[in-house]
Amino acid sequence: MRFSEELETRFARLASQYPWKRSALIPMLLYAQDEVGYITDEVVSDIAHRLELSELDVRNVISYYSLLRTKPAGKYVVQVCTNISCLLLGADELFEHCKHRLGVGHKQVTPDGRFSLEEVECIGACSWAPAIQVNYDFHLDVTPEKMDKVLDQYATKAQA
Amino acid sequence: MKTILTPTPLVSHPDEVRIVSKRFGQGATSIDRYIELDGYKAARKALEMQPEDIINEVKVSALRGRGGAGFPTGMKWSFIPKQSDADKYILVNGDESEPATCKDRLIVEYDPHSVIEGTIIAGLAVGAKLGFIYLRGEYRYLLEIVERAVADAYAKGFLGKNIFGSNREFNIITQTGAGAYEVGEESALMESLEGKRGLPRLKPPFPAIKGLYGGPTVINNVETIASIPPIIINGGKWFASFGPEKNGGARLTCLSGHFNKPGVYELPLGYPAKKLIYDVGGGIPKGRSLKALVPGGSSTFLLTREEAESASMDYDWFAKRGEFLGSGGVVAIDDQTCMVRMALCIMKFYQHESCGWCIPCREGTDWLKKTLMRFHAGGGMEKDIDQMLYLAENMAGRTFCALGDAAAFPTISIVKKWREDFEMHLDGKPCPFEKKGARERDLAVV
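As given, the protein sequences belong to chains A and B, one line each in that order.
For the first sequence, the numbering used here gives the first residue as 1, with consecutive numbering after it.
For the second sequence, the numbering used here gives the first residue as 1, with consecutive numbering after it.
The hints are simulated quantities; they were obtained by calculation from the structure and are not laboratory data.
Some hints here could point you the wrong way.
As the list claims (entries may be wrong) - Once the Cα atoms are required to be at most 27 Å apart in a straight line, the calculated DSS-like pairs of lysine-lysine come out as: (1) 71/A with 22/B; (2) 71/A with 157/A; (3) 22/B with 261/B; (4) 286/B with 246/B; (5) 22/B with 21/A; (6) 348/B with 99/A; (7) 196/B with 99/A.
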């Protein structure tokens, strides 16, 4: 398969920069996921071919890492941290708030495909808890009111 | 996919010692600004030094691993064989995933060149020509920052085949992981960098002998590496002078949970925990009192209020008690919090993150999580309390890597020190703390 020019350039660099080619596997999977939305069967076989690995080998790696997914997610993946620092400052309530607002539960996608929701473990934003990530963007010191604003912004972006 | 960068908030306190945080908020992501602020002087100086002198300076500094284990950095470097047929590597561990720890991200966000410079110096010290900076997958925005910084360093000739015109070579590769706590463990980190599942390796051989790609490898935390340039510039003695014996320098201390003034502060080793809680952290909100303190990430033994108020934040104060200073993630837990719920929150994490390789960890975390869930929901039995202790004590020290210990230690301390919280849940009673609204949102500081 053919990715965007930008990604093809990146892949070419990744495949040649490490002492062992296989090291490029995890970055390649992440970048392919960013572009395609999730890791499709086609992506698996393509990357396996590029790195001279078996598809089984690639799938074995995918299943280990929580950021890699083999099913479609929403355009914006809302990840609410409920680990210790966030929990102490109301993360449970924040997650419940998201569930109501989006009408979906953990690892589910909204019918319009704009959002998916996930309860996640520590995202390293503990001193600014409760914190969430939407795709790779951090939002810190989140209240339910702030959460509504953040979701509104992404909803508008999704329409654009 | 471009990430939005909203700068992470910075705080300050008069007791801070600015060693690795000295360029925070000063625009040092720009290489020219970094140079203006004395950047890359240490690398130039190190190029004039003998490798053993660099290692010796780091030994004298009493710098200890900032990831959590606290191993003396100079000694770690000295384990790398001088002669090696296999290539040697420097691996910078930015897989910051220990719950409550959020310091390395600030270093990479505000001062990425200090990490690059520290990596170059480590390479010069042990004779490595290639370094890796591995960040956790959630920190994609930092990858963009550090990639740009690395490109700028190449453009200036500070990286590449002829660094600083010295005819010596050093290269850096940056990448992120894809979501796995276990990968923060050094041998799992090497596996992940080799494109595999992040399973820990059996040690020995240690990474210093046979590490990444089978070559001798130095693995250091981001904050450890960022401490190297100031040590080379100002000397090991200078660095050592900030803390008690064998505890050099300062640490980025991340305050979170029930503090009036959460944030990341750089405080000297051996700082009194009482001042940390009530002065730097501003005490506990809502007029409540401290019930428990997590001293350094969720895998450390929790302290009661009395213990916390007499603690000294250095490696040895904790080591003498058979406990750990940990990763710098300090969490205050107030008196309206259910410790059973805390134990459950912590165990849920380790159960999720256990790679499943070692049976005591895989089975132990799962049983403990299930027991704690049932217990917290009111289905607890008296005998569960000792059973949990038994399970946790039998996990500790019986696994390839420290994840089993990490899950066991907080559990052991919570069950032993707050047994009455468990007893309050017996006989089908609902959690007594939820009724008092302990988990009501506490966002007054926002």
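We went through each hint and held it up to the structure:
1. About 44 Å separates the Cα atoms of residue 71/A and residue 22/B, which puts this hinted pair outside 27 Å; it is violated.
2. A hinted pair counts as satisfied when its Cα atoms are at most 27 Å apart, and residue 71/A with residue 157/A qualifies at roughly 22 Å.
3. Using a Cα cut-off of 27 Å, the hinted pair residue 22/B and residue 261/B holds, with the two alpha carbons roughly 20 Å apart.
4. Proposed proximity of residue 286/B and residue 246/B is contradicted: the alpha carbons are some 38 Å apart, above 27 Å.
5. With a C-alpha separation of about 38 Å, the suggested pairing of residue 22/B with residue 21/A is violated against the 27 Å cut-off.
6. Between residue 348/B and residue 99/A the CA atoms are separated by roughly 20 Å; this keeps the pair inside 27 Å, and the hint holds.
7. Among the hinted pairs, residue 196/B with residue 99/A is inconsistent with the structure: their alpha-carbon atoms are about 35 Å apart, more than 27 Å.
In summary, the structure is inconsistent with hints 1, 4, 5, 7 from the numbered list given earlier, while agreeing with the others.
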